[in-house]
Every structure is written in structure tokens, then in C-alpha cells.
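J.: With the hints as extra help, turn the sequences into a complete structure.
Residue numbers (this note's numbering), protein chains in the order written: chain A, 1 to 358; chain B, 1001 to 1395.
Everything labelled a hint here was simulated from the structure, so no lab data went into it. Just so you know, even glycine gets a beta-carbon here, dropped at the ideal spot from N, CA and C. It is possible that part of the hints are untrue.
Taking beta-carbon pairs under 10 Å as the criterion, some of the chain B residues facing chain A (in silico) [what the hints assert, rightly or not]:
(1) Val1031
(2) Leu1111
(3) Val1319
(4) Ile1329
(5) Leu1354
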Amino acid sequence: MSATMMPPPGASLISRWVVALFGTWLDRAITLACVVLLIWIVPGFIDWAFVDAIWSVDEAAQCKPGRGACWAVVDARHRLIFFGLYPYDEHWRSALACLTVVLITIVSCLPSAWTPKRLSALWIVGVAVFYVLMRGGVFGLVEVTTDRWGGLALTLFIFSAVVLLGFPLAIALALARRSELPVIRRMAAFFIDLTRSFPLLAILFAAAVILPFALPGWLQGDKLYRVIVAFAFFFACYQAEIIRGGMQSIPAGQEEAAKSLGLKYFQRIILIVLPQAFRNSLPSTINQVVITFKETSVVVIIGFFEVMASGNAAFGSGEWTHAYVEVYVFVALIYFVFVFSLSRYGAFLERRMRVGLD
Amino acid sequence: MLTVLRDAKARNNAIQASALAVVVVVVVSLVVTTHNNLAAQGITSGFGFLQRTTGWDIPFSLLDYSIRDQYWRVLLIGFLNTLYIGLFSLVLATVFGALIGVARISRNPLLRIIGTIYVEIFRNIPLILQAFFWYAIAIHLPPPRRAYEFGESVYLSSRGVFIPSLNVPTWSIALIAVLAVAIVATSLVLRSRRRAAGVLVGGALAPWSIAAMIAFVAALVVLVVREPNSPLLVVPVLKGLRFDGGLRMIPEFSALAASIIVFGSAYIGEIVRGGFNSVNRGQLECARALGLKPWVVMRHIHLPLAMRAIVPPLGNMYVWLMKATTLGIAIGFSDLFMIVSTSINQSGQTIELLLLMMAGFFVINYSISSLMNMLNRAIALKGYESDAKVSGAEI
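T.: Structure below.
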């Protein structure tokens, strides 16, 4: 029996940093360059964003180009940015609806929610609550048609509806692409590859502007729903490839074993294949969801008043035309909060799932 | 037993036939409805409209263009514009991305932190927001008289960004680009052939000799086509209220290019970092234990191994960024998509124009993915060819 030998004590963090920062002449030069860069940017930025900034509407008259940030524009126009053209008295509904989407997203990040039943129930109920809150017309809520939805609520609605519709579709497409029937397999492959070779914008544009020519009147529906369905198809084509990748990493023996036990096709898929495929593809799935959230901003081009467009409107008129940087920074911050936390969560999951695999 | 098998087969055939029938019916009814609706508006299908004159102007064009020009010409211009801004942004995004990636794996903690902040900020903000932001900045720059000046040769003004340019016709730049791509592609093919034959890489196919070859060809073309008796490099000069000479990048172009470069370089930085991190540490430690200098370890062990993990996702990123040039429509840059959508508005030839746009993106993306797949095969270890492929234009 050999005594366990501990590795020799390593250098302390501070001395490692000192060596890395100043060890050789090259290190010193790089450190100096970094310090110069930081001195050049950071104090100026802090002065602009905090020290010289104007925070409230009352002092807005002091806002001048070339001085500090004019955050007063956010103070004055935050309702427009968050809620768009939604009726002013009903803004609480829009806020509550946003909160619902944030909540279901947080809950579906918890491992205890990760069963197909719970996840689908959560999202179907959540989106239903969102829809009732926003649309109204029942429970004594004033009806607000979708053309008056806007701001963050619209962004979140498009996002959650796309994910909700896109997921079952992605599973169907992934299964079709793996099908043993050659015609089904080829058609699914062709559809997926065709969609993926298009820019998202072109597909949304086609759904908004061109589809009315191609569909009979009773099928056209609202422009918002056409765009959401097209976006969901686009999401599904990317997500299908991710799920297919997850399925491919399951050893073939498992499906064969299930077959020899006499399980039917759907039993095999639901009990054996999909749970493992989801687990395998979780990091890429979160990545795809993050990308989808960012890409909802593209709908501004086809004339929706989501948070990007309401940002453009916030400085587009009247006394705030000079405050474009402040508004863009604020809107960027909104996106950043959502996207950054989701992607951090994805990175955490990836580490967590690697445990036992290394 | 046999009847069961036949039943299953028959069932499978029935499923496939009905699925095919449904798809055919849906597609045919879509096309017929569109055709009828367009015919009701007096629009005849077919590509005859390409010969008609457009009657509308576009803000940016590489070729001469007037509103009396025909549709095929405006579509060609859109295609060239997409290619132009796409290649311009991809090259710079790759350069900056490589720097960011190297900064992120540097042993200097300060440099690492700066790289991380850059990546986390610009990767997590939608590209279109960045395009809007740079566009707002670009049109609020001071007028030419008070333009920001760098070394009396580069000017930033509200009329655009002005940089020195070579005094050669535009087509010769395109010619050089085509020749460079041809040289790289040939060398990649030769390289993977020699690899397959078991010959180690080197000599005339080393990266530096390929670069020298491209530089030689470029110099030759420039020397042949340059205007005699005029300076080779034209520097922009302020004349009255505008700049004369040099290359003018209009605000729409600079804003879209800036957003794609910044956003793309953050992503490419992560791809580069991931590639370097994916190299087995044992191999690097082994090389150092053999007494190889850090530069030699980097050049002959770390970089070649990292390249194998970098090329497939990098190719996908290129395809993605090429498709992202369609955001030009948001700020008024006349890329292929903007020109196609304007043409649809003006001429109503919906289906034909969509097909043409598809063809345009297919040509661009297919070229990128084939080139990157060629590169991937050329650098693959013999016997370890990965099945990682560049996709995005599979059809």
C-alpha cells in the first residue's frame, strides 16, 4: 500500500498573476498596452454613463450632445419601450404578461421541471395566461387586438410562441428525417436543408408579404400569426438537426433491445429515444433558444412594434432625437439581461452534465 | 410470416404515397393560388420582366446604374453588393476574431478579461440592434469639413468613411479575388491528394508560399491594369464640401459592415478559443517536455491541431454571417435581399424573384461551404477525417 502523495503546493494566486502580468518583456508590454486601453476607455465611459449623466426628465433641458448620457430619455419613454402602443391604462396587464413568460422560463430551467408532461403543461398554461392577459375580452378585461401589442411584451410573445410551436414540429421533423421510409426521410431532409439555406428575414418577409397571395382567404389569418408560424418552422428546422444529433449519439443497441422486447414504434420513441436525445442535446438546445430570442428583433423590419422598434420610436420624435445612443444602450441592456442569463445557464448546464463523462 | 411482411410493406408504401400526395397537393395549390392571384392583378409569370426597365434608384452600387436600367442589371448589382459587403466583413471579422480568440486564451489575465468583456457584450446583443446603433452613429458624424481625421488619409464624416484606394478599376480587384480563391483551392486539392499519397506537407504548398504566390499575382494584375502616369495610391482630399478621391464607404455600408465585423468577431473569437482549448493538453506538455520552443509548439503542434476543430464551425459562421447581410434592408443598404424585395413591390413578380434570390444565396453559401470543406479535408489527419461538415447550403 502506497501512501498518497499530495502534489507540491502551487504558487499562490497573487504570485501567479504577477508572473503572468510581468514575467517577461512581452508580458510587460501586453500588460502596459491593456492598461493604456483601459485608461483610455473606462474613465471616459464612467464619466459619460454615471458622473455627467442626466437622470430625470425634470433636468432634461440640460441634456447636450457631447456631455454625459441623457438617461432622462429612458425615464420619459420607458413605457413606450416596454409596452409599445398598448393602451396606457392597461399597461399593468402587459407587465404581468411579461412576468409570466419570465417566470415560466425560469421554472423550466429547474431540473425538477424536466419531464415532457410538466414542461409542455407549463408552457401551454403560461402562454395561455399571457394571451388572456394581453388580449383580454374575458373576465372583465378590456379587449386589446394584436395590432396594438408592442414593446417587450410582443418580443416575449413572439419568442415563447415560436418555441412552443417549434418544439413539437422539430421533434416531428427529426423523427421524419430518421425514418426508415425513404420518401418521408428525403422530404424531411429536403425541407430542413431548404429552410436552413434561407436567411430568416427572407422567410419572415415571405410570410408577411407574399403568403397572402399564396393562401386562400380563410387560411390567411393575422399577419402576426403568419410570421410566428413561419418563424416556428425556421426554428424547428434548426432544432430538428440538434435533436437528430442527440438521437445519433444513442447507441443503436438500445433501440434494437427495445424492439426485441416488443415495444412499438411510439413506445420506443417516447420511452427510450427522446428522453436521452433531449439530455444529449440540451446545451445546443439552449444555445438555439438564445439565438432565437436575439433573432426575434428581426421582425422590426416587417413592421412589428416590438422592443427594437419601440426603441427606434422612443428617440424618433420631438425633443429626444439627440438621445439615440442612450436608447440603444437601454434596449441593448434589456436584450443583454435575457440573453446573458440564458447563456450563462446553458454554460452551467454543460458543466453539470459533463460530470461523470470526463 | 410472409403476409405480415407484405402487409408492413404495403402499409409503409401507403404512408409514403399519402405523405407525398399531401405535399404535392399543398405545393401545387400554393403555386396555383399565387398564380391566379397575380394574374388577377395583371401580372404574367415568367422571366420576361428581367428585360424591363426598373424606374427606381438604389443608394449603393458597384456598377454604373441609372433608373433606365433593366431588372437583370439591378439584381446583378444586388448580388455583387451582398458579395462585396459579405467578403469585406468576413475578412475583417476573421482577423479581429482570431485576435480576440488568442486574447481569450492568453496567459495574461488582463488581456483575457478584456477579451471576455468584448465577447460577452457583442455576442449577447442582437445584430440588428448593433446595425441600427452604428448607423445612428455614422449619420451623426460631423460633416466633411469637420470630419474626424486619421493620418491625413482616413476620414470619418457624415457623408461616409473615406479611405485611400488603389488607382485601379474595380473589376481588377474582383479578378484578383477570383485568382486568389483559385490558387487557394488548387493548393488545397493538391495538398489533400499528396496527403492521401502519404507525402508530408511542405515546399511549394506551405502557407507562406501560397501567400507569396497570391501577392505576386496581385502585384502583376495591378501593374498591368494601372493607369500610367498617375499615382498608384489615391488619398482622399477635402474639396469644398466633399471629399475627392479615395474609396468612399457610405454610412449604410460602414454601419452594416461594422455590425457584422463586431458581432462576427465575437463569435469567431469563441470558435478560435474553443479550437485551441480542444487540443489535448498531454500533446502540448509532451512537446514542451521535448524542449521545443513556445513558438515551435504553437506553429507545429497547437495551431495545426486547433485548426481541425476550428474550420467546421468557422465555415458555418461564415454562411450565417453571409445570410445576415440581409439586415441591410433595415438601414437602407442595397444588398440582394433589399433589391429583391423592392423589385417584388415594384414589379409583382413574386415567385420568380424569390427563386432568383434563392439561387443567389445558394451560389454564395455553396461556394463558402465547399471551400471550407475542401480546407477541412486538406488539413484532416489521414485516417481521422472527421464527419463534421460545413452546412447551411446543403441542397
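J.: Take the hints in turn and mark each one as holding or not.
T.: Verification of the supplied hints:
1. Given the 10 Å rule on beta carbons, the hint for valine 1031 of chain B holds: about 8 Å separates it from the nearest Cβ of chain A.
2. Hint status for leucine 1111 of chain B: holds, given a least beta-carbon distance of 6 Å to chain A, under 10 Å.
3. The closest approach between the C-beta of valine 1319 of chain B and any C-beta of chain A is roughly 8 Å, which is under the 10 Å cut-off, so the hint is satisfied.
4. Taking 10 Å as the C-beta contact cut-off toward chain A, the hint placing isoleucine 1329 of chain B at the interface holds, the least distance being around 6 Å.
5. Checking leucine 1354 of chain B against chain A: minimum C-beta separation of about 7 Å stays under 10 Å; hint holds.
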